[in-house]
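Engineer: The listed protein sequences correspond, in order, to chains A and B. Taking the working numbering, the leading residue of the first sequence gets 928, the next gets one more, and so forth. Taking the working numbering, the leading residue of the second sequence gets 13, the next gets one more, and so forth.
Hints were generated in silico from the structure; no laboratory data involved. Virtual Cβ for every residue (Gly too), placed ideally from N, Cα, C. Incorrect hints may appear among the rest.
Taking beta-carbon pairs under 10 angstroms as the criterion, some of the chain B residues facing chain A (in silico) [as the list claims (entries may be wrong)]:
hint : residue
1    : F150
2    : F199
3    : T206
4    : S297
5    : E352
6    : P356
Some, not all, of what chain B presents toward chain A, calculated at C-beta under 8 angstroms [said to hold, decoys possible]:
hint : residue
7    : R190
8    : D193
9    : P295
Chain A is nowhere near these chain B residues, computed Cβ spacing over 12 angstroms in every case [stated by the list, open to error]:
hint : residue
10   : G14
11   : Y36
12   : R46
13   : P47
14   : A95
15   : G166
16   : D171
17   : I203
18   : V241
19   : T256
20   : D259
21   : G299
22   : E332
23   : T358
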Amino acid sequence: MKNKTMPDKDFFSPIKAWKFLFKKPVTIKVPYVKREAAERYRGFHINDWNECIGCGTCAKICPTDAIKMVEVDDLPQEYGQKPQRPVIDYGRCSFCAMCVDICTTGSLKMTREYVHISPEPEDFIFAPTEKGIHGIEEVPVGWVRDEASELLELERVEMEMLDGEERVQSFIEYVKGYSKEQAIHEAARCVECALCTDRCPQHMQIPEYIKAIWKDDLNDALKWLLKGDETNNMLGANPFSAVCGRVCTHKCEEACSIGNRGEAIAIRWLKRYIVDNVSDYKKIIEIKPAKKDKKIAIIGSGPAGLSAAYFLSTMGYDVEVFESLSKPGGVMRYGIPSYRLPDEALDKDIAFIQALGVKIHVGISVGKDISLESLKEKYDAVFISTGFSLGRSTKVPGTDHEDVLQALPLLREIRDYLRGEGPKPKIPKSLVVIGGGNVAMDVARSIARLQKVEYGQVDVKVTSLERTFDEMPADMEEIEEGSEEGIEFYPGWGPVRIIIDEEKIKGVELKKCVEVFDENGRFNPKFDEIQKLYLDADMVVEAIGQAPDYSYLPEDLKEQLEFVRGRLVTNEYRQTNIEWLFAGGDIVNGPDIIHGVADGYWAARGIDEYLSKGVK
Amino acid sequence: MGEVKLFFGPNHPGMHGNFSVHMYVEGDTVERARPLPGFLHRGFEKLMERRLWYQNLALIPRICVPEPDINEVCYAMAIEKIAKIDVPERAQWIRMIILELARIASHMMSFPGIGGPLGLYTSSFWGVADRDRILDIFESLTGARIYHMFIVPGGVRKDLTPKIQDLIVKTLDYIEGRLPDYEDLIFKNRIVHTRLKGIALLDRETALELGVTGVGLRATGVPYDIRKVDPYLFYDKVDFEIPTATDGDAYSRVYLKYLEIYQSIKIIRQCLEKMPEGKVNVPLSEGSALRYKVPKGQAYVHIESTRGEYGYFMVSDGGEKPYRVAVRGASYPQTFIGVEKYLPGTRIEDVPIWLSTMDVCAPEVDR
């Protein structure tokens, strides 16, 4: 049959394919010849266990659910990491490398290995290590994350603040707070690893409330703040969310997994966003516990005392708080300056605690107006949280001068004055603050503001033993912001004497500090006596730490209690050796508000347990 | 002798993929035909609604095995249309290169497709071996050979390095040099002519009525190609032609694919030339991939796949997962609806030729 569609000359064309008979085949002889995979090949995983923090983000993004986090016993138990590592089921893995691109530390990578043979199905479920699936030393690395394939947003949404020049002119809160868009954006960066929850002393349910912000459900977010995990005894609740949303030491942000490669989530500001945008807690949070016929007295209305009061009243107890000063709040009201923590925020938190039925008796000093024994008679249990109210002195010559002040009384005086409840404090033309902690910063920045208003210029010098800003216990942001406000820093100097001429302070003589801590890590400063520094001042403030005042404790009780370095020893429920006496706050743990809240929480649970067993 | 029911596929050398046709034959002639899909049903569209926007990137390429990238491009383009994302220029050129490489690879795969029913196994071996060279490019560029999972909303995941560019240039030169061999083997072959010319005739009216696009329609003389009709990416900035034929038979459909390989090579060369330096991706600007959201809205995007118009209709309710994604599988009309229409009256031995030249693609039907 003749085909009309094809010219006859092409008849032999297909035969040309025979030329390949004499050529080498294009196929390779696997497994005798090994084929190298491409440079960015997505093969089996490797995971550097020293870098991996077990955050589980890889397992969350995995589209095929191939990654499971498995607990590993012999890993270090540290904050900022979890003792678990990813295990990959290669029966499910689709080798998309999204786990690599989203890895918060960059420990997870893919190799160029692609052949794995085993008769055992278990061999295909594998926890990657640095050595890869075949356990060889030098694994050829394939796909790694780069800037273009990044699946995290590493930069924080910037918080708007007043600039240094502007904020030093008043005590107005200078951090403006997130807008709705900013907060939702910031919340969207979270990967829900909950390393922050582990780190927080109170174990606040941070991923849950951040998620609620992201979903724009502020009522739910507030519930997580004030009620915590309702299925687990309100673990993680924090009655001082408005306060902590401003001045918390935010250890959570140090643990944040995003912080490994980028900037940690602004957890503190997000907490503040929730409380600032909710008008009244009472309308959203309903707490109506069954009343219990037991009464508890709390001495001191600081973070620990009022937190204990909050948690006890949610359990149905009658709680009465005794405060020696004229307003409740303790260090939150009388210590932290109002440019960081305005009264309105604190009042919002305290109003909610009072709305639960907590009675706060102000102006009553236990030990003077009323004795601890008489409280014991009237109440079923007593919680003490009196804080560190006494200042410490360097005791160098000249510190007995009347213009050498202690930090805490001065801060209290300033706040009373600003509230219109006290006389104007003496404002120095130039001030030297001795100390490198946050209290020293508070004094320096408060006086700087008063100076600016009074004299139009700032002259405050801060000196500390610690030789670098990193060593100083104050927050880095406090130091940076203080510098912006015109405060000068002299780290690495220790005071020798206060220079006094004609009964007036002229300045401070300092010597160089060579070493603050000895080999054992104990505080034991060494000085270079030759290097000297003179700072002019007409007032000196000592802010080198505080001490507790136990004068209200009767002697016979004091003998039964156990103290270690000025702090009370308690069990995990904050119960002292005297079974009806519980304690918390700075006198037990310290050093910040959130530790006080945690003390209040555990003490409340301890008191509940103690009272429900029946008072002996 | 009465009517006999004959099962064709899913396990049959002449059948493309897991698809089956029930034929009622009398003698050698097909009387009626009924498609039987579902062997590959995984519910892609429904699965997409349960996964995060980013997680879907690992799922969607599976809707088309020989040419997975069309899914990635459609998915990304639909999101970009709803969210109004401006994709960097370089990323768009890279996407074009990937699409055209995938087109070449897919067309190469159609030679084995036609080799099987004809018994011309040399074309099968050649097609698979040469397609592997394209897969080598994909391996270097995207890190994977078949399912690339490389195109993301906002761009592509990694840059095209000069080294990869060299590899592309070399491979294109090689393939261009190889194409005359294919011409000699397949298109100047007496047997191929006898078996394909005038066989499996699809006229223009039926093609339009069924909604057949791609080479099936172009073989009937309609120059319909989305790249020209509604240019996406930078297809309006490159110079290429749409080969058409008028016969509407199996031969012209295969031959058009062969001609399109030349056009794709031409497009890729222009892309490499015109591609500017710069970023390949818009960084995530609203949080991590775990909390990626697409604003409320809907979009339809369509691109030209090797089998015709391939489209994604996407609806977002503003959440972290798609509300609905509907896929227009390009071969759906000719595979699912078409077999009932065009198979009756043909001889049994022509059925594989019909199905392989009409590009049956089971996952597109079973999506």
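Engineer: Now, for every hint given, state plainly whether the structure supports it.
Structural biologist: Against the structure, the hints come out as follows:
1. F150: Since chain A brings a Cβ to about 9 angstroms from B:F150, closer than 10 angstroms, the hint holds.
2. F199: holds (9 angstroms)
3. T206: Since the shortest Cβ distance to chain A is 6 angstroms, the answer is holds.
4. S297: Since chain A brings a Cβ to about 7 angstroms from B:S297, closer than 10 angstroms, the hint holds.
5. E352: Status violated, d = 30 angstroms.
6. P356: This interface hint is violated because 26 angstroms lies over the 10 angstroms limit.
7. R190: Not OK, violated: B:R190 not within 8 angstroms of chain A, min 11 angstroms.
8. D193: holds (7 angstroms)
9. P295: holds (7 angstroms)
10. G14: holds (33 angstroms)
11. Y36: holds (31 angstroms)
12. R46: Check passes; 33 angstroms lies beyond 12 angstroms.
13. P47: Non-interface label on B:P47 holds, nearest chain A Cβ at 29 angstroms vs cutoff 12 angstroms.
14. A95: With a cut-off of 12 angstroms, B:A95 remains clear of chain A, as the shortest Cβ separation is near 14 angstroms.
15. G166: Given a closest Cβ separation of 10 angstroms, the condition is violated.
16. D171: violated (6 angstroms)
17. I203: Contrary to the label, B:I203 does not stay out of reach of chain A, its closest Cβ about 8 angstroms off (not over 12 angstroms).
18. V241: holds (31 angstroms)
19. T256: holds (18 angstroms)
20. D259: Not fine: 10 angstroms to the nearest Cβ puts B:D259 too close to chain A.
21. G299: Contrary to the label, B:G299 does not stay out of reach of chain A, its closest Cβ about 2 angstroms off (not over 12 angstroms).
22. E332: Not fine: 9 angstroms to the nearest Cβ puts B:E332 too close to chain A.
23. T358: holds (20 angstroms)
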